[in-house]
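K.L.:
Given next are the chains, with one letter for each unit.
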Amino acid sequence: MRTTFGTMRAELVGAGGVVERNAYLTKRYIWWDLAWFAWTVANTLTIVFIAKGIEASGGQLDVNATMTTLLIGAVVWAYLGILFMFLMETVAWERWEGTIEYTFMAPLSRAMHLAGQGAFAIIYGLVRAAFLFVVCAFVFFDLSMPNADFFAAFVVLVVSSISFIGIGMMMSVLPLISPEKGTQLGFVAQGTLLVVSGVYYPVEVLPQWMQWIATVSPATYALDGIREAIIEGQGLTAMWDELWPLMIIGVVSIPLGLWIFSRGEQYAKKHGKLKRSG
Amino acid sequence: MSDAVVHVAELRKTFDVPEREAGLRAATKSLVRRTTKEVRAVDGITFDIAPGEIVGFLGPNGAGKTTTLKMLSGLLYVTSGEARVLGHVPSKREREFLRRIALVMGNRNQLQWDLPALDSFELNRSIYQIPRADFFEMRDELIELLEIGDLVRKPVRQLSLGERMKVEIVGSLLHRPQVLFLDEPTIGLDVTMQKRIREFIAVYRERHGATVMLTSHYMADVEALCERVIVIHHGRILFDGDLSALAGTVAAWKTIAVALEDGAGDLSAYGEVVHRDGDLVTLRVPKADTARVTARLLAEQEVLDLNVEDPPIEDVIELVFARELDE
Numbered sequence: 001m002r003t004t005f006g007t008m009r010a011e012l013v014g015a016g017g018v019v020e021r022n023a024y025l026t027k028r029y030i031w032w033d034l035a036w037f038a039w040t041v042a043n044t045l046t047i048v049f050i051a052k053g054i055e056a057s058g059g060q061l062d063v064n065a066t067m068t069t070l071l072i073g074a075v076v077w078a079y080l081g082i083l084f085m086f087l088m089e090t091v092a093w094e095r096w097e098g099t100i101e102y103t104f105m106a107p108l109s110r111a112m113h114l115a116g117q118g119a120f121a122i123i124y125g126l127v128r129a130a131f132l133f134v135v136c137a138f139v140f141f142d143l144s145m146p147n148a149d150f151f152a153a154f155v156v157l158v159v160s161s162i163s164f165i166g167i168g169m170m171m172s173v174l175p176l177i178s179p180e181k182g183t184q185l186g187f188v189a190q191g192t193l194l195v196v197s198g199v200y201y202p203v204e205v206l207p208q209w210m211q212w213i214a215t216v217s218p219a220t221y222a223l224d225g226i227r228e229a230i231i232e233g234q235g236l237t238a239m240w241d242e243l244w245p246l247m248i249i250g251v252v253s254i255p256l257g258l259w260i261f262s263r264g265e266q267y268a269k270k271h272g273k274l275k276r277s278g
Numbered sequence: 001m002s003d004a005v006v007h008v009a010e011l012r013k014t015f016d017v018p019e020r021e022a023g024l025r026a027a028t029k030s031l032v033r034r035t036t037k038e039v040r041a042v043d044g045i046t047f048d049i050a051p052g053e054i055v056g057f058l059g060p061n062g063a064g065k066t067t068t069l070k071m072l073s074g075l076l077y078v079t080s081g082e083a084r085v086l087g088h089v090p091s092k093r094e095r096e097f098l099r100r101i102a103l104v105m106g107n108r109n110q111l112q113w114d115l116p117a118l119d120s121f122e123l124n125r126s127i128y129q130i131p132r133a134d135f136f137e138m139r140d141e142l143i144e145l146l147e148i149g150d151l152v153r154k155p156v157r158q159l160s161l162g163e164r165m166k167v168e169i170v171g172s173l174l175h176r177p178q179v180l181f182l183d184e185p186t187i188g189l190d191v192t193m194q195k196r197i198r199e200f201i202a203v204y205r206e207r208h209g210a211t212v213m214l215t216s217h218y219m220a221d222v223e224a225l226c227e228r229v230i231v232i233h234h235g236r237i238l239f240d241g242d243l244s245a246l247a248g249t250v251a252a253w254k255t256i257a258v259a260l261e262d263g264a265g266d267l268s269a270y271g272e273v274v275h276r277d278g279d280l281v282t283l284r285v286p287k288a289d290t291a292r293v294t295a296r297l298l299a300e301q302e303v304l305d306l307n308v309e310d311p312p313i314e315d316v317i318e319l320v321f322a323r324e325l326d327e
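For the protein sequence lines, the chains are A and B, in the order given.
The numbering of the first sequence is the numbering used here, which starts it at 1 and goes up by one.
The numbering of the second sequence is the numbering used here, which starts it at 1 and goes up by one.
Same shape as in the complex, but just chain A:
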């Protein structure tokens, strides 16, 4: 019992070390991060302005609600991008830095290594998503959200993050088995996930086969839940329809992600792909 506790503690301390290292690296590039944040804001604005454009061209719509709907889609897109980027970098960045062999030789289980990477991605992603939302909603557009339950929206995003991390683990194996092209495939996965999940439109407008895929995408429930909380003002008690699928997908995707990563690691160790780029 004591040994199990000691091992658990050691693993958690190790995962904490991974979080700490990412914090140091983020701090090191904080000004570049701000520049990148400006790009994300610009990208988000181009999407939210679409609602204004439709209105200007004579379209009949609730501009405030449509802009908020688009903003939530853009913020979730950016958030997912951050999570996937950090998890993909578990391999890709370390390969570029030349530290990959040492990281994979460290006495830390792969689960805790990825958990540390994922935990920092969630913390960093949530802070960034919150800033992005506030800057776009209130600084640029002065959107009205009188009934918004931001706490409920936050909880939905956190719960959905577990599923996103599981999927991110599956994606992060790609640079492990294909050092040259694996990272780019992660962006394909991010786009595919969001296109079927109603990122800027209702899922109902999609072809039937895409709607079926949407039912197993955590992004579908995340987007629905956050929109219901912010636009309709629904509280956590009304979110059960979104939360239970997210929990089930999370419970399945994390072990599946770890299994896929471990298979990728075995492949890399068998074929000698665990080495730096260049």
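Quick caveat, the hints were computed from the structure, so don't treat them as lab data.
Here a beta-carbon is modelled for each residue, glycine too, at the ideal position from N, C-alpha and C.
Accuracy of the hints is not assured; some may be wrong.
Derived pair list, reagent style DSSO-like, types lysine-lysine, alpha-carbon separation capped at 27 Å [stated by the list, open to error]:
#  : chain 1 : residue 1 : chain 2 : residue 2
1  : B       : Lys92     : A       : Lys270
2  : A       : Lys27     : B       : Lys154
3  : B       : Lys92     : A       : Lys273
4  : A       : Lys181    : A       : Lys275
5  : A       : Lys270    : A       : Lys181
6  : A       : Lys273    : B       : Lys154
7  : B       : Lys154    : B       : Lys195
8  : A       : Lys270    : B       : Lys37
9  : B       : Lys154    : A       : Lys181
10 : A       : Lys181    : A       : Lys273
11 : B       : Lys92     : A       : Lys27
12 : A       : Lys181    : B       : Lys37
13 : B       : Lys287    : A       : Lys275
14 : B       : Lys29     : A       : Lys273
Partial selection, computed: residues in chain A whose CB lies under 7 Å from chain B [unchecked claim]:
#  : residue
15 : Val19
16 : Arg21
17 : Ala23
18 : Gly98
19 : Ala106
20 : Pro107
21 : Glu265
22 : Lys269
23 : Lys270
Since the structure of chain A is provided, determine the placement of chain B on it from the hints.
P.N.:
For chain B alone, coordinates are given in the frame of chain A:
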């Protein structure tokens, strides 16, 4: 050897490497029909290393040295055969195994490029579960030994190659590994820095009783540190034994460096003149004739100084490879 720290038996590693002819046609053909060639990076090697031993693992580029070290560190799976380090199978990644070994690669880095080394040392403290007091004691000891107190606070990217290697070594040794796999730790360093790293390795081994396996292209490293060498080429072991015995086994000659009082006369009657530098002449003579030639030189010439030596280790290693080619 039952108490061996490193035990390797009939170890093999093969890779399937894609290959094709040059040209667009061959490139298109390879899209649908890919051909691969089996490359035997390590081809049935066997050796044991005893506790506290320091062994030079020598061979030309592509001989299989790094592949072997990676298999012993658990970074590569073996194709067949047996590898055990401290009684563990490396590929299983057991925590007790990983906490007791270190692999230092001269052309790789474990420290984050953008951070001061001290931050990366902290990460190692967390991952290797080093108690805080032990960590500070070891860190400060290593920093003092390598005299890098003013370097560890700078981002690693701002350090020179030699400085970086020193902080890399400190990072690798913070958890006091019992087994060190050193892969070209002095590569690219100037002679002063090479000497400093060599001295440091010797001191670390003495203080902590570590077992060391060292690859290096610099024979000065090997001569200064290793009593035993394993020579590997094309994945196979060509020699395993004492460094001093290597010359005796492979080279059938010795060198006699002689300085004469009346300048450099013609000494070709005594042996093959291989080098001449002012009054100093270096002769190569058959090993069996060394005593007789030396006696003749002393008797017949006005000798100021005379040294009998085994051939340089570089020449001996070259001979080992040449002998393999002949066979």
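K.L.:
Each hint should be assessed against the structure and marked as holding or not.
P.N.:
Results of checking the hints against the structure:
Of the pairs offered as hints, the one joining B:Lys92 and A:Lys270 holds, with about 13 Å between alpha carbons and a cut-off of 27 Å not exceeded. Between the alpha carbons of A:Lys27 and B:Lys154 the distance comes to roughly 15 Å, so the proposed pair stays at or under 27 Å and holds. A distance of roughly 18 Å separates the Cα atoms of B:Lys92 and A:Lys273; the hinted pair therefore holds under the 27 Å criterion. Proposed proximity of A:Lys181 and A:Lys275 is supported: the alpha carbons are some 15 Å apart, at most 27 Å.
Straight-line distance between C-alpha atoms of A:Lys270 and A:Lys181 comes to about 19 Å, which keeps the hinted pair within the 27 Å bound. Restraint check: the Cα-Cα separation between A:Lys273 and B:Lys154 comes to about 31 Å, which exceeds 27 Å; the hinted pair is violated. Between the alpha carbons of B:Lys154 and B:Lys195 the distance comes to roughly 24 Å, so the proposed pair stays at or under 27 Å and holds. Annotation: proposed proximity of A:Lys270 to B:Lys37 holds, straight-line Cα distance about 16 Å (limit 27 Å).
Note on B:Lys154 and A:Lys181: the hinted pairing is violated, with a Cα-Cα distance of about 34 Å set against a maximum of 27 Å. Only pairs whose Cα atoms come within 27 Å are accepted, and A:Lys181 paired with A:Lys273 is accepted, the gap being roughly 13 Å. Between B:Lys92 and A:Lys27 the alpha-carbon distance is near 35 Å, which puts this suggested pair outside the 27 Å criterion. For a cut-off of 27 Å, the pair hint linking A:Lys181 to B:Lys37 stands: about 23 Å separates their Cα positions.
As the CA atoms of B:Lys287 and A:Lys275 are separated by approximately 46 Å, the hinted pair breaks the 27 Å bound. Restraint check for B:Lys29 and A:Lys273: satisfied, since their Cα atoms lie roughly 25 Å apart, inside the 27 Å limit. About 10 Å separates the beta-carbon of A:Val19 from the nearest beta-carbon of chain B, more than 7 Å, and the hint is not met. Here the hint on A:Arg21 is kept, as its CB sits about 5 Å from the closest CB of chain B, short of 7 Å.
Interface hint status for A:Ala23: violated, as the beta-carbon distance to the closest one in chain B is roughly 10 Å, over 7 Å. With 7 Å as the threshold, the beta carbon of A:Gly98 comes within range of chain B, its nearest partner Cβ sitting at about 5 Å, so the hint holds. Annotation: A:Ala106 was flagged as interfacial toward chain B, and the flag holds, the nearest CB pair being 5 Å apart, inside 7 Å. A hinted interface residue such as A:Pro107 counts as satisfied when its beta carbon comes closer than 7 Å to some beta carbon of chain B; here the least separation is about 4 Å, so the hint holds.
Because the closest C-beta pair between A:Glu265 and chain B is about 9 Å apart, greater than 7 Å, the hint is violated. Against a cut-off of 7 Å between C-beta atoms, the interface hint on A:Lys269 holds, since the closest Cβ of chain B lies about 5 Å away. Evaluation of the A:Lys270 hint against chain B yields a held restraint, the C-beta minimum of about 5 Å falling below 7 Å.
Checked against the numbered hints given earlier, the structure breaks hints 6, 9, 11, 13, 15, 17 and 21 and satisfies all the rest.
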